[in-house]
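As a plain string of letters, each chain reads:
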Amino acid sequence: GAGVSQSPSNKVTEKGKDVELRCDPISGHTALYWYRQSLGQGLEFLIYFQGNSAPDKSGLPSDRFSAERTGGSVSTLTIQRTQQEDSAVYLCASSWTVNTGELFFGEGSRLTVL
Amino acid sequence: DQQVKQNSPSLSVQEGRISILNCDYTNSMFDYFLWYKKYPAEGPTFLISISSIKDKNEDGRFTVFLNKSAKHLSLHIVPSQPGDSAVYFCAASSYSGAGSYQLTFGKGTKLSVIP
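Protein sequences appear in the order of chains Y and W.
Numbering of the first sequence is given in our numbering, commencing with residue 3 and proceeding in unit increments.
Numbering of the second sequence is given in our numbering, commencing with residue 1367 and proceeding in unit increments.
One chain only, chain W, in its complex shape (with noise of 0.2 Å):
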């Protein structure tokens, strides 16, 4: 039973172009959500977050916007680049105790900015 889920496995975008990752969960303990970006033989490294509480937050060219109603959340890129080619992992956090947070992430999502 996927928690997390990502459904399309890969988007293509063109260079300076808005893409947008989509994400739904279906735990509604999840209290924080996370956003990773993965480039091929690298591990995952963290890109931007929100907390529960909240429905938006910016960073540069990236902002993740949380719809809790809908138990939905988007990465949005703009503009995009060709160096953000890479598999985005939507991940989400619960706090399982004792100063622990457990992630739980989707299968992922593929995106490929044409120049």
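For reference, chain Y alone in the conformation it holds in the complex (with noise of 0.2 Å):
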């Protein structure tokens, strides 16, 4: 498809254990970024790929949280041991090089910690 692909849609998983979910940028797109949103809340930045340039990864909230990006395209967000606190919809996006701020979404990965 031409939008921006995420798997799985929905991931429920028990207390502590790692957990991956893949988001596959529209083509062209070097731009991408992680999301998440949490039950009542916004949009909350976790990281940043751009390129080749090195990852933006401010809002990563804990070491337990990781992404990479390979040959510039699909990324993968890795969450080790999770807890409950992290269940929310997982949000990529991608964007052209220079972009003031018009992301193109994918549909989320809905993550539940049991």
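Rather than coming from a laboratory, the hints here were simulated on the basis of the structure.
Predicted model only: the values in this text are computed from it and were never measured.
Just so it is clear, CB atoms sit at the ideal spot from N, CA and C, and this is done for glycine as well.
Hints should not be assumed to be uniformly reliable.
[To be verified] Now the in silico label distances, taken between C-beta atoms and shown as ranges:
no., chain 1, residue 1, chain 2, residue 2, range
1, W, V1444, Y, G42, 50 to 56 Å
2, W, P1481, Y, S55, 47 to 53 Å
3, W, S1376, Y, W98, 31 to 37 Å
4, Y, S68, W, E1381, 43 to 49 Å
5, Y, Q86, W, D1421, 40 to 46 Å
6, W, V1444, Y, S7, 33 to 39 Å
[As the list claims (entries may be wrong)] Part of the chain W face toward chain Y, derived, beta carbon under 10 Å:
no., residue
7, Q1368
8, Y1402
9, Y1467
10, Q1468
[Stated by the list, open to error] Capping the alpha-carbon separation at 25 Å, the derived lysine-lysine pairs in BS3-like fashion look like this:
no., chain 1, residue 1, chain 2, residue 2
11, W, K1422, Y, K59
12, Y, K13, W, K1473
13, W, K1473, W, K1437
14, W, K1422, W, K1473
15, W, K1473, W, K1371
16, W, K1422, W, K1434
17, W, K1434, W, K1420
18, W, K1434, W, K1403
19, W, K1371, Y, K59
Join the two chains into one complex using the hints; note that each chain is given alone, in its own frame.
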């Protein structure tokens, strides 16, 4: 498809397990963002990738969170030893290189930690 | 510390009337402002934006107004339609170097347009 693709769309896991969330951005977009939306909250910035530059990790809430982007395309967000407060919708977005904020979002991955 | 605030979590408007969604911000370094619309189980989609050098931008039924001195922006939808029912997020953008713009979002306002 032409849009940002995220998988899985829903993930239920037990506390303490590791999870991986995948994002496939729009072809040609060099910038990739991860956000999360907890219940009743706005979109919280997590991490940003731009081309081959070092990622901006300033939004990652703890060292249990990490992300990588292979070959400048697909990105994986990994959450280790999940906690109940990690339950949220994790949204991936992509954009062209220089951009004032017009991001294209995927449908999100809903994570529920029991 | 919320830098972008949407103080109304919800708004109900009659079809055909004007919807006004408000947003306040605190960071004077923001130089671009955007509105995103989100339907349930979908990702947010870009709606309209405004540069900090302007005070108004119009696109069809949607108009965004920016009052820099008050650090306030608003989205007007005229006339409102039932299909406009969604959560609207206000976002502000600031340049953080090397081609990187970071978006800060508000918590959203849920708009319900009543037929």
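Going down the list of hints, with the structure as the test:
1. W:V1444 to Y:G42: 50 to 56 Å: Violated - the Cβ-Cβ distance for W:V1444 and Y:G42, about 29 Å, lies outside 50 to 56 Å.
2. W:P1481 to Y:S55: 47 to 53 Å: 49 Å, holds
3. W:S1376 to Y:W98: 31 to 37 Å: Taking Cβ atoms as reference, W:S1376 and Y:W98 lie about 34 Å apart, which means the hint holds.
4. Y:S68 to W:E1381: 43 to 49 Å: About 47 Å separates the Cβ atoms of Y:S68 and W:E1381, which means 43 to 49 Å holds.
5. Y:Q86 to W:D1421: 40 to 46 Å: For W:D1421 against Y:Q86, whose Cβ atoms are near 45 Å apart, the range 40 to 46 Å holds.
6. W:V1444 to Y:S7: 33 to 39 Å: 35 Å, holds
7. Q1368: 8 Å, holds
8. Y1402: 8 Å, holds
9. Y1467: Hint holds; W:Y1467 Cβ to chain Y Cβ min 5 Å, cut 10 Å.
10. Q1468: 6 Å, holds
11. W:K1422 to Y:K59: Given pair W:K1422, Y:K59 is violated - Cα atoms ~34 Å apart, limit 25 Å.
12. Y:K13 to W:K1473: 24 Å, holds
13. W:K1473 to W:K1437: 17 Å, holds
14. W:K1422 to W:K1473: Since the Cα atoms of W:K1422 and W:K1473 sit roughly 23 Å apart, the hinted pair holds (cutoff 25 Å).
15. W:K1473 to W:K1371: The hint holds at about 7 Å.
16. W:K1422 to W:K1434: Distance of about 11 Å is within 25 Å: holds.
17. W:K1434 to W:K1420: With Cα atoms ~9 Å apart, W:K1434 and W:K1420 stay inside 25 Å; holds.
18. W:K1434 to W:K1403: Holds, at about 23 Å.
19. W:K1371 to Y:K59: Holds. W:K1371 to Y:K59 sits at ~23 Å (cutoff 25 Å).
Violated hints, in rising order: 1, 11; the structure is consistent with all others.
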